[in-house]
Structure formats: structure tokens, C-alpha cells
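Protein chains in written order, with the working numbering: chain A, 1 to 113; chain B, 1 to 110.
Worth flagging that the hints you see were computed from the coordinates, not collected in a lab. The structure displayed is predicted, hence computed values, not measured ones. No false leads were mixed into what you were given.
Quick partial rundown of chain B residues pointing at chain A, CB under 7 angstroms, derived from the structure: (1) Gly42; (2) Leu43; (3) Leu90; (4) Glu97; (5) Tyr99; (6) Phe101; (7) Gly102; (8) Ser103; (9) Gly104.
Built from N, CA and C at the ideal position, the CB exists for glycine as well.
Chain by chain, the residues run as shown.
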Amino acid sequence: QQQVKQSPQSLIVQKGGISIINCAYENTAFDYFPWYQQFPGKGPALLIAIRPDVSEKKEGRFTISFNKSAKQFSLHIMDSQPGDSATYFCAASKRAAGNQFYFGTGTSLTVIP
Amino acid sequence: DVKVTQSSRYLVKRTGEKVFLECVQDMDHENMFWYRQDPGLGLRLIYFSYDVKMKEKGDIPEGYSVSREKKERFSLILESASTNQTSMYLCASSYRESYTFGSGTRLTVV
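Working from the sequences, and respecting the hints, build out all of it.
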């Protein structure tokens, strides 16, 4: 059973546009929601993360929006650039020691000039 | 920063061979994980370990085993490689919210 569902599977956005990737989870015990960015030939790297006590977190052009009641969270990339082209994974976990991260299936983002 | 090093970037092995994928982390993390990544399927957990000599099956353990004799090293073993094990393999280590991946090993079984 997929613990975290991610959509869309792929996304094409014009340079300067907004990229939006959505994730949904079922387990209300999850209390940490990171996003990872993966470039070709590299492992995923932490991009931005949020805890459920806030509804939004912004770091530069990247924003996570979190809706606890709907059990959904999303990544918004403002002013998307060709260098943002990568695969993005959302994840969820419980912060206790020995945590396991549950990953979404990934979104391949292409930003065209 | 935590560094997770996977010994090989690319490997080509023959069907039936025993294959070892090595992963080393340098931050004394207790938790280590092995994933495989396939297009459209995301990251699927094969095995994980919370401590030395301890292992737990993930979602797709069939055809794989692991070894963790030292805290910093976690090895994935393909007992008899098959073509359906051709994939990108990613190792990760974690402590609390810090979860770091290696660069991956692209394994091709012919």
C-alpha cells in the first residue's frame, strides 16, 4: 500500500511559470514532510521540509503548503527555471528515532526556456 | 555534512552472478537503507537496518539480502542476479530528520 501518493507523474512548465506538485498521505502519525530533488545521475537531496504545526514554509522560490485536515501537502516552485528540471519526491515520516521515510513515486519536472 | 558513499557508480553483471553493492556513511548514523529506483515506480525500500547486525525487510526484499557488520557499512547482496534486478540502487542513512542518500549504483544484469 502506497503510504504517500504523489501527482502528477510528469510536468512541463514554461520558464518563469509556477510548478505545482501534490502529495497526499493517510497516516496521521506522520509529523515530518520533506521534499527531495534529484538530478540525473545523482541521489535525491533534501530541498525543503515542513512540520504539521505550520501551514506554509518558504525558502527562496520553493514553498511547501500543508493542509493537515485534508492530509495533503504540495510543493510550489515560483519563477521556474530550466535548472529546476529534475525529479521531485515528497516523503513523510515520524520523527522518532529509527524513522523510516515513505516516499511518493516522484514527479519529473521539465522547465522549457 | 553527512557523506554516503556507494562504491560503484556503474556495474554490469551476468545472470546468476552473486553481486555485492557496498555503502559507507561517515556520520555514525544508526539507520541505513537500501532502495531501488525504477521509472514510474519511485523509490522502493528493499531492506533497512537500525543497528549493527540488525536488519528488517522492506517492501521488496525478494532476491536480496543485506549485511551490516560495522555501523558505517551496509551491504546489499544479490544472491543470484537476474535481469529484472537491473535498476538504480540507492543507499541512504538517517538520524532523526537527517536523511541522506548516496549517488546511486546503476546495475545492469545481462
